[in-house]
Amino acid sequence: MISLSVNGEDRQFDGDPDMPLLWYLRDELGLTGTKFGCGIAQCGACVVHMDDYPTFACVTPMAVAEGTQVKTIEGLSPDGNHPVQVAWRDLNVSQCGYCQAGQIMQAAALVDSTPDLTDEDIDTVMTANLCRCGTYPRIRAAIQQAAQAGGK
Amino acid sequence: MRIANVSRRSVLLGMGAGSLVLAVGLPPRAQEPEEPVKFGADAMPNGWQDDPNVFISIAPDGIVTVTVHRSEMGQGVRTSIAMVVADELDAEWEQVRVTQAPGDEPRYGNQDTDGSRSLRHFFQPMRRAGAAARTMLEEAAAQQWGVPVEEVRAANHQVTHEASGRTLGYGELAAAAAELAVPDREGLRLKNPAEFRYVGKDSIGLVDNMDITTGHTTYGIDVRLDGMLYAVIARPPVFGGRVASLDDSAALEVPGVERVITIDPPTVPTAFQPLGGVAVVARNTWAAMKGREALKIEWEDGEHGTYSSDSFRAQLEEAVSTADGKLVLNRGDVDEAMAGASERVVAEYYIPHLAQAPMEPPAAVVDVRDGSAEAWACVQAPQVTRLRLAERLGIPEDKVTVNVTLLGGGFGRKSKPDFVLEAAILSQAMGAPVKVTWTREDDLHHGFYHTVSVERMEAGLDEAGKPVAWLHRTAAPTIGSIFAPDPKEKLPFELGMGLTNMPLDIPNVRAENPQAPAHVRIGWYRSVSNIPHAFAIQSFVAELAHAAGRDPRDYLLEVIGPERLIDPSEIGDVWNYGENPERYPIDTGRLRRVTETVADAIGWGRQMPEGSGLGLAAHYSFVTHVAVAAEVEVTDGTVRVPRVEIAVDCGAHVNPDRIRSQMEGAVIMGVGQALTSQITFQDGRAQQDNFDTYLIPRMETAPRQINVHLVSSGGYDQPMGGVGEPGLPPVTPAIVNAIFAATGKRIRSLPVGDQLRS
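Protein chains in written order, with the working numbering: chain A, 5 to 156; chain B, 2 to 759.
Hints are computed from structural coordinates only; laboratory data are not their basis.
The beta carbon of each residue, even a glycine, is placed where N, CA and C say it ideally should be.
Incorrect hints may appear among the rest.
From chain A, some residues computed to sit far from chain B (all C-beta separations above 12 Å) [claimed, not checked]:
1. 9
2. 13
3. 54
4. 71
Okay, the calculated beta carbon distance ranges per label pair [claimed, not checked]:
5. 9/A with 154/B: 25 to 33 Å
6. 693/B with 56/A: 37 to 45 Å
7. 5/A with 442/B: 28 to 36 Å
8. 318/B with 57/A: 23 to 31 Å
The shape of chain B in the complex, shown without the other chains (with noise of 0.2 Å):
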């Protein structure tokens, strides 16, 4: 067996002839490994570290520094990791501080804040940092005193030796202690977890709590350095044009205007490079802007300028329709069972283009001088944006440095450091440090957009109305297209969320994948391809059910089947989110148990008022199992979502308040999904240009009371699985399925909108 284990890093880096391998679709076993296939955080590029000198600092007067090498951008990993450090350290939370590691994953170990992947990766490194820093202090104690270090004892941020009732604290054993040699990892004594003070429990806030709620967090936008300037580029209103022609006198006149610097259009693929056009650069922002709005630009619109959603949906549906696609699954014999079968159902879902609309936009500021570089951004990727930045700028990756900011929101944006590039490029030009702004329009007009997708499901049933022949066909544009030049078909990974795994107890399965091109820039947006995977399967389930005549909580869990354990690569996936498939099987006890755990608690079955319904759906993903059940009502067209019950089993918990809180998340941007959000295209352009037209939640709209059921399975011995994303996929089918039982009326192209107005 052979797993191809891609993480996003090495698709994005690799597209030298190794890893094209995976993009052109080879198939997976057709090589031998020569080496130990790698999973999890030794999979990622740089691995971990778990040098307590790397990640931990004490002062004499004994605060604790925690170094955090992840971004963070609301799921609290700041707050997490330290958590976690502190506990296996048994220091005192009040003398523990955090900071932010800059981009430099040889020392830090991987950085792509992405993938649900923090702590997952780097709860046992960091758990052994603790330990181990822990047991320095230890040992600075006993040489101290002369005695044998068995003879001491580490507890709440001191040093004890009980024989003779003395005690040195932290701050007192640090000196000393930073001289010992790091132990060795083997023989390190973790805490046993019913030890932990912190890790598992709910009474530790948010580091940045006070901060955050007197306004003294930075943030990338935030950056001010002297003598900075601000600058906000006119970019090609389509994905691939030009400047044609450009007359910036009128802009060189704003008051406070410097320059107008035009930015060369990028090479194809265009990966993560700024996408060209015009940059005004000023004193402040609002200069910037207003020169901006000076400029006369004659656009090249390029081959996407014919690019429209209502067309491009209709070429999606006709690849759908044939058997062309390209083959990516197949268990049984799926024509002979759909031949024999008693019925057969046939749907096709469509899912729009989405914005990560994060509510900070995108913004960078850089100093490029002397052959070195400094930024100072709100990136998930430090790392990637050192190494792009030193290759643009044509300077060693050593003579450039990320500061990490804090990140108001990521969802996928800002792996992307497109526009910390540009802040080099004109930082360089202008011989200052320069931020670079992008307004809500520029974010939404040119983003990385979640892929549009028709997915068409078709099953054959048996006399019992249970699916006995399963045919999914996908058709959307992928993640590759950014990558290489003009990729039609999805790569594993984006074929390993929710469909490649599809773990339904259903005999005859196949899935086929017909060509879809890009036409703009195609990105991460959380929980990716589990989004339409999700929809499409979740909906198509309760539409089965419906056809059969059964209850769709029933008929859910009767298609999820007996509790197994699922190997992921035995059922046609070589991805399994980057994890040892053995280590991490799809368990169907786990999805029947968070399933009937939100069908409980909602009430499933309970007498419903005119216009109200509940509905289901369930889904694995990120290695986590999430089931959700919600509660709509629909009244004159309008759908409101009143109460969302949501289950997450991702192993042992660090720090249940964030689990909650990214789950809350999760259900209210499903919410949005499901009702409102859409990104379409006209001529090549994005025809949403702010929060007035993409529409997003807002407190009226989100559902009152969202209840979050975190259903534990497994120690902290046993893996964890993913929180920042495996929420949000079930949650848009939930609704769906829930405006069926209310209405009647099965919604398959989203979002909802005005569909159920008559």
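Next comes chain A alone, as it looks inside the complex (with noise of 0.2 Å):
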């Protein structure tokens, strides 16, 4: 029996240790906000926080979830405005929509742990997340606005 805590929630899994937490999250509990993208950690689509770090859901045995506080897109802001989300709407940073919520996620973590955050810094994390509609101009200015009204 695997004990994590996802968005607050204590939840027990008795399956497949090895099933990535991409796949319980999306099948065993419903939520869906985290996306299937690549399964080997090179789109970031699937980024949670685990114990606050930004983490790929698709490579992540729930063994390795073990203990650990998760959280998602659904439970990233009681009332989905952190810094990072109202930027992304004030922005239209959005296309598809599809990779935003890894983008978010992502970006909330970057956002929430770096004062003085620069363009380098953006390059460096946000490379891991990958875009098709092409929205990563839009994605530095939001985390850009981001950090300007402050993160956590």
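Two independent chains are provided; combine them into the complex using the hints.
So, in structure tokens, the structure goes:
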């Protein structure tokens, strides 16, 4: 039995300990905000926070999630108003929107943990997340705006 | 004159005798039409609708719900169509909601969300729907008050009788208004565009913004039903292959695996049929994936098992080396002009296969039961999906419901519903709803790929360096190959994407299309054949400028020539994106203006640092004129594109912010095509597996600065151009031209990859 916390709720899982956290969240808990894009930690669509660190849920087995606190896009903020989420809406960052949960979770961790955020920080961290629609310039601008507004 | 109006749909549906005319390429003027030729939305399957009762509902609390019948894949259509309706309806945006129509074209009009057509074809019908609903609300209020309708006026979500100061909200009037007849189309009062509150403004946020940023959207892959099972499928690694032997014993022992089901291979032509293979159906996605890994399958590869990109390239190069290809364009006398030219320039360009690779891979849920089927799917063409499901399941079309989810990107991949059919086959077998999920490997290995091309260009220059003769040979597998047995020449609509409608001011022009067979499924990919055509033509113009010792900008403008309106049907194009060539001419004035705009914006002619350069390209596609200026920096053979200027003239604007975002996205996709992206084949197998080998731009490789210039010409009564696709074609040649300016090295084979490393 694997115990973990997801968006503040205690959960138990007794299935395959090799199952990636991604599929547990999506198929078992119905938290479909976390997306599948590659399955090999190449696209970042599945990024969640595990004990506050951005983590690729697609390559994180449930055995590794044992005892951790997982936060998904659905639990990033109570009312959807984390500064990153607000900036995303202000700048109409999204196109199809599919990768944006992962982008937002990655960006939120970056903004929350980095004072005096630079463009190079954005390059280094956000390069983990792919967007096929090409929203990168707006993602950059939104992160800058959120950083100005102050993270966590 | 006859214009063969080939929509993507009529190609795919029409493999009967009538439309085969197009596929085999009989001279388009050989038959005189009996009916007036239709254009635009009129010519699309099931045309258009503008009935307010179909598209608009108003609840007693005043909430206006707009039904959007075009698929949302990032272009912003759910927002933009709602803006149009709300504007004519004079609704308050805060009280407007959007709902997505299922696939039902007789009710909604054409739903093929492709070809950059949604607003081009539905701006006016949606205006009329909004205006009709507004008129009905006014009539309902006038009746209630017993006053002439001329004395009341709708505005800001309510109707006012100014003389008496009475007002009624839309919600209060909705029930009565719904009982009224829809006013005549002809007598409708449309807003003066000067009164638009939303259309053409930047004030509106995306309708899905809150759901996207909080994880509450539903894409095809997100649908969950009670009792639903999850499937992944092992498909033949080679197109046309089949299962030779199967041992599923280990797969069936994987906990959670319910069943292993073999799906028959498709018949030829394969169109949108599933590829066949072996499906593993399980209680969750992970179990299905593990079960698939445990399958022991021997494949029989079939005739395409020898397809390899290297040898196929050689075959295409051979094909363009002779004059044996089909003549598809012939103006003036190229041979004579070429013979009399002062200088001849020849160049050959190679553009590889590409995969659309939408971030959401294909995925769908279908529930087949009791002689009916209901699907939830991320499809660009829900009506096609519905038809194909009915056909495959052997049930009437009216027993099939296709619910359209959000699409996590489309780019043409999701115009093909093969993945929905897979879910239907499995649901029928299981007697339960089934979700089929494609992994990224599935997506890249079993795609409907962008074609692969060799484009051979030859020009004769006069003493002043101006081209007097132009010979373009294009060899590439055709999209028609999925709809007919083994055609080897491009369809008119593919040729009309930049080749037969080539508007440059050159007196003698010939184009030939040597044969090229298809060994994989070829499909639409954003902007389609414009990609190779624009790459070759716009690279070659820059090469000619170099040969002539001229500035590339000045030379491009000179070759575009003086301002003129070109009827595409008069220069050899029989398609013109389905639009009336008189109403939608190619406008070289517009092409000049977008070119001048980006050249000025990027500071054309300025001194560049060592290793940096500027490049330019312009292209007309999807009845829109676009130009791109790119700045590149090349360091140790690595190309960066720090800045791109892009100017678009697509006529009047509905949602300027979404035009900009489409251009930004097109630039970034074009950077990938220029520098890194390709799908190659060896022994019939795609060699790229995932995003570690199919390389698309990331944050650090995307341009930091993309400036979009909306060069508007024409009012709201003028024809609108497309937006989703036309940004892409000029991006790649502009980058490659900039690389030449930076390094003196001419890239003729995409992607650049490591060609600049010594």
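Evaluation of the provided hints:
no.	hint	in the structure
1	9	holds (17 Å)
2	13	holds (15 Å)
3	54	holds (16 Å)
4	71	holds (21 Å)
5	9/A with 154/B: 25 to 33 Å	violated (57 Å)
6	693/B with 56/A: 37 to 45 Å	violated (27 Å)
7	5/A with 442/B: 28 to 36 Å	holds (32 Å)
8	318/B with 57/A: 23 to 31 Å	violated (51 Å)
The structure shown violates the earlier hints numbered 5, 6 and 8.
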